[in-house]
Amino acid sequence: MAHIHLEDGSFTLFWVALWWVIALVVIAAALVWVRSVKKTDNRKITLAAFCTAAAFAIFQVSIPLFGGVHLNLTPLIGILAGPALGSLIVLIINILSAAIGHGGWGLVGANLLVNVTEVLVAYGIWNMLKRLFPGAFARAGIATLTGLFCGNLAMIAIILVSGVQGVTQTSSQILAGLTLIAGVNMGVAVIEAFITGMIIAAIIKARPDLLEGERP
Amino acid sequence: MTTNGIKKEIVIFFTVIAVVGIASLVAFRIAGPMGIEERFQNALGIPHDAGDVPGDSGVSGFSLEGQPLLYVVVLCVLGIICISAYRHF
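Quick note, the sequences are listed as chains D and U, same order. Quick note: the first sequence uses numbering that gives the first Met the number 0, first residue 0, plus one each step. Quick note: the second sequence uses numbering that gives the first Met the number 0, first residue 0, plus one each step.
Chain U regions said to be covered by chain D (calculated; three or more residues, Cβ under 8 angstroms):
1. 9 to 22
2. 25 to 37
3. 60 to 72
4. 75 to 85
Treat the hints as calculated values from the structure; they're not laboratory data. Since we're looking at a predicted model, the values are computed, not measured. The beta carbon of each residue, even a glycine, is placed where N, CA and C say it ideally should be.
Next up, chain D with everything else stripped away, as it sits in the complex:
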C-alpha cells in the first residue's frame, strides 16, 4: 500500500490546499456519478459499509513485516464497490484515520489522491483482464499489484512535485529514497494481492451476484 507517512507541515500551505482541492474535485465527480445512477443497488451500499469497516480496521494495524507496514485493501474496495463508491469509501477511511491520529489532516487530500489511484487502477485492470484472465483469483491479484504499483507512483509524484519543507536533499536523492520505499511497499502488495485474490474468489463462489457480470 502507498500512504504518505509525513507529519503536518511537511508540505507548504499552497500544496496542502492544492491537493485538497483536487481531491475534493475527485470526490465531487464521484458523488455526481453515484447520484446519476437512478437507483443505487442496496446490496452495493451494504457492501460499501462492510468495505469501509474492514479497510479502516486493517489500515490502522501495523504488521511486523519489513520493519512495520500496514495493508489498506484499496484494490479490494475498487473491485467490490466500483470507482465512484470506492472513492467515497477511501475518503471516509482517510478522514477517520486522521481523526484517530494516524496521519495528518493536511495530508488527507494527497493521501486520498494516492488511494483513489489505487481504487481506479485496480477496478480498471480487474475489468480489462476479464477475457485474458477469466479466473477470479489471478485476475484480482494482478489488479491489486497493478493498482498498488500505480498508487506508489502517485505517492512519489506528489512528494516530488510538492517538495518537503526543511529538507536539503536534491530531487534525485529524494527520488532514490522514495523508490526504495515503493520497492518495500510492493512486498506488502504481494501479500495484499493474495488476500484480495482469495476474498474475491470466495465471494464469486458464494455470492456471484455481488459482482457484476461474474459467475462461479
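Go by the hints and put chain U onto chain D.
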C-alpha cells in the same frame, strides 16, 4: 474455462509475484529494517527528533497506529452502521 487456461493464468500470476517479491526483498535489504515513518524520514533526509522514543511494540509485533481508544470507538460505530445497513437492505 479449461484446466490448462486456469493453470496458465496461475503460472503467470505466481511469476509476477516472484519477480515483485524478489525486487521488494532487494529494496528491503538496501533500505534496512525500520518502521514506516523512519523509512520516510530517511528517504527524505528529515532529521530524527532527539525526543523520539520507540513506539509500543504491541502484541507479537502487531501494533495500532493512532489512539487505541478512538480506534475501538470508531470501529464499533462502523460495526453498528454495517449491521443496520445489512438489516435494512
